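Peer 1: Just so we're aligned: the sequence shown equals residues 242 to 851 in the numbering used here.
FYI, nobody ran anything at the bench for these hints, they're computed from the structure. For clarity, every value in this text was computed on a predicted model and none was experimentally measured. Every residue, glycine too, gets a C-beta built ideally from N, C-alpha and C. There is no bait here: all hints are sound.
Result set (SDA-like, lysine to any residue): computed pairs, CA atoms no more than 20 Å apart in a straight line: (1) Lys368 <-> Ser317; (2) Lys351 <-> Arg369; (3) Lys342 <-> Leu361; (4) Lys641 <-> Gly664; (5) Lys342 <-> Ala398; (6) Lys368 <-> Glu343; (7) Lys690 <-> Asn281; (8) Lys458 <-> Val406.
The following label-pair restraints were derived from C-beta to C-beta distances: (9) Ala288 <-> Leu571: 21 to 27 Å; (10) Asp485 <-> Arg340: 33 to 39 Å; (11) Pro387 <-> Leu571: 48 to 54 Å; (12) Arg592 <-> Arg561: 22 to 28 Å; (13) Ile621 <-> Gly644: 23 to 29 Å.
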Amino acid sequence: MYYMQVGSAEEHEVEVTGTSYDLQGLSQFTEYSVWLVAVNANGAGDATHEVTARTFSDIPSKEPQNVTVEAASSRSLIIRWEPPPTEHQNGVITGYKIRYKEKGKTGSTKTKTTDGNRRLFALTDLKRSTQYSIKLTALTVNGTGPFTHWNIAETFANDLDENRVPDKPINLRAVALTDHIRVRWQPPALHNVMLRGYTIGWGRGIPDVYSKIVDSKQRSYVIEGLEPNAEYVISLRAFNNVGDGQPVYEQVRTRPPEEAVAATLTPPVGLKAVVLTSFTVALQWTDATLNRNQYISDTRYYTVRYTTYSSASSSSPRYRYVNATDVTCLIDNLKPSTMYEFAVKTTKGRRESPWSLVVSNTTLVARPSSPPRDVTVVTIPDEPSTTIFNWQPPKQSNGKITGYLIFYTTDASGDWVMEEVLGDRMTFTVHGLTPSTLYYYKMQARNVKGFGPFSSVGNFTTLPVGKSVGKPSGWFVDRGSLIVLVIAGVAGAIILIGAFVGAAIYCRKVKPQPRPSNVVGSCSKSNKPEVQPPDLWIHHDHLELKNFDKGERSSSPNHAAIINHTGPEYEPDDKNTTYTSTSTLDRRTPYQSTYLLAVCLQCLVQAICL
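Please build the complete structure, drawing on both the sequences and the hints.
Peer 2: Here it is in C-alpha cells:
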C-alpha cells in the first residue's frame, strides 16, 4: 500500500497481507492519496486508481503564535497574535479564547472569546497602573487547543496625551543591498504621548515618492523592488489621531549588480536506455562538460527521472527519481512488457541543468504472474454434456497472451483433461461431459515466455438428462440437421406440386385424337414401307415431310410430332441394318435416346390426362 499527503512529494509504503489496513500516525484534517499494488514472487503488478480521503478534524495541537500585549491607555490593553501553524491547526479555526487576570491573584480569571478571523483584541475596563497576565488559545469545532504562556503587561498610570503629535523616532538605520533596503528604528523618547503608528517614505533622490504605514509596535521594515546602484532617501515619522510628527531622514545607495550568475549547466546528451531483463533497464549518457573519459572530479551528481508511458501521457504523471554519481545508472524493479520514459539532469551545488531529452524503451516480456480472472462456468439446459467457460485476461499478463489452458476432471487428485484456447478468446465450449457429474476445473494463461500460475480450483455439476433428452435408438438428428431436412422436404414438395400443375395445364391445351392404326398400341402393322432412321443433321426437313401421312395428321402439330417419333415404323432392325455415319458424331445413339425419351414423355402425359 502506498500513500502520500496531497501536495507533498514524499511517498510512504506499507506492506499489507490482508484486504484491510488502518493507517496510523497521520495528520489531522489532512487529505491523503492512497493506492494499492499487488506483489508476489514474480514482482509487483499494476497499481490501482488513487483514492483520496481527509482525516477528521481535531483540536489545535499548537498555540497561537507571536502574541504581544501592550498598554493602550490607563484602562485598556491591546493583544495581537497570529494563528497556529497551518499543519497544527487540525481543522478550521472557529475562534480564540482569551483569559486574563491581575498578576499574582488566583481565582479571578476572566475569559473573552473572539471570532476566528480576528488578530487583535482590546481588553477594556482595567485598573490603572496594574499588571495583568494574559494567555489565549485557538478553537475548532472539536474543542480548545493548548494555551500560550502567560504574557505580562501593565496599564498606564495616566492616559497618554493625544492632544499633540508624537515626537520623531530615534536611531533610524538603513542597510542597502542590491535591490532592497532594510530599515530599523526606535520609538520616540517621550512616552507619554499617544503613538498610533509610523509612516515610512522613500524615493530615488527625494523622499516620500512611495510610502508605507506600519503599526506602532513595528520596529523594522524592508523596502523591496529597488534599482541597483541608485541613491535613495528614506523618511520616517510617527503619527496619532492628531497628525504626523517630525520626520527623520536617511540617505543610502543600493549596491551595484552582482556579477552575472554562472551559465546554467548543460543537460546530459546521448541518453540511452538498454533493456537487460523484464525488470531492469541500464541507462547511459554523456556529460558534455566533462573530459573525454567522462571522469567526474567535482561534487556534481545526476538525477534520473522515469515513469511509465501511460503515466507520462496523463495530466498528472507520477515520476520516480534516482540519483547517480556516474554517467551510468541501473533502474530495477520495473514492470515486464511496459514502456518507460527516462530523462536525466545534472546538479552541481545550487545549480542544476534542464532535463535531457526523453528516451523510452520497453522491458522484456515475462511469463504471466497472475492467473485468468473472473472464471465462470455456464451449463446449457438442453445439453447436459456441454459446458461453457468464460474468463477475463490476467491482471499481470506481462506481455501478449498467446493462449489459455483449461483443465477439468472428475477427480481433483487424478489426471486432468486439458483444452487449449487461443489467446484472443474469452470463452470456450467443452463437449462430451458426463451428465449429473461433479467436475473440478482450473485455468492457466501463457505467453511467449511461458505459463502463468493456475487459477484457484473451482467445481461445477453437469445437468441431469431430462425426459426430453431421450432419442430413438436407431438414429439421432440434432436441431440443426432437422431444420435442414424440413427445408429440403418443403422444397421438394413445392417442386412436385409445380410439376403436376404444369402437366395438368399441358393436358388441357392438347385435345386427344383418335388413334390411327399405326400408332403405338396398334396391333396391325402399317402397309407403308419401313423407313430407316434418317440422318437428323442432314435430312431434318425430309424426315418431317416423309414420315407423315396427310390423311392421318392431327390438327395439332405438337401432338403429331410426338406420335411420329413414337411410331413403330421408326424402330430400326439392329440385326439386318448397318449404318454408315458421314458426320463427325455418331448419329445412331442420339437418335435412339431422343426417340425413346419422346415415347416415355408421351406415355406419361397420356396417363396423366386419362
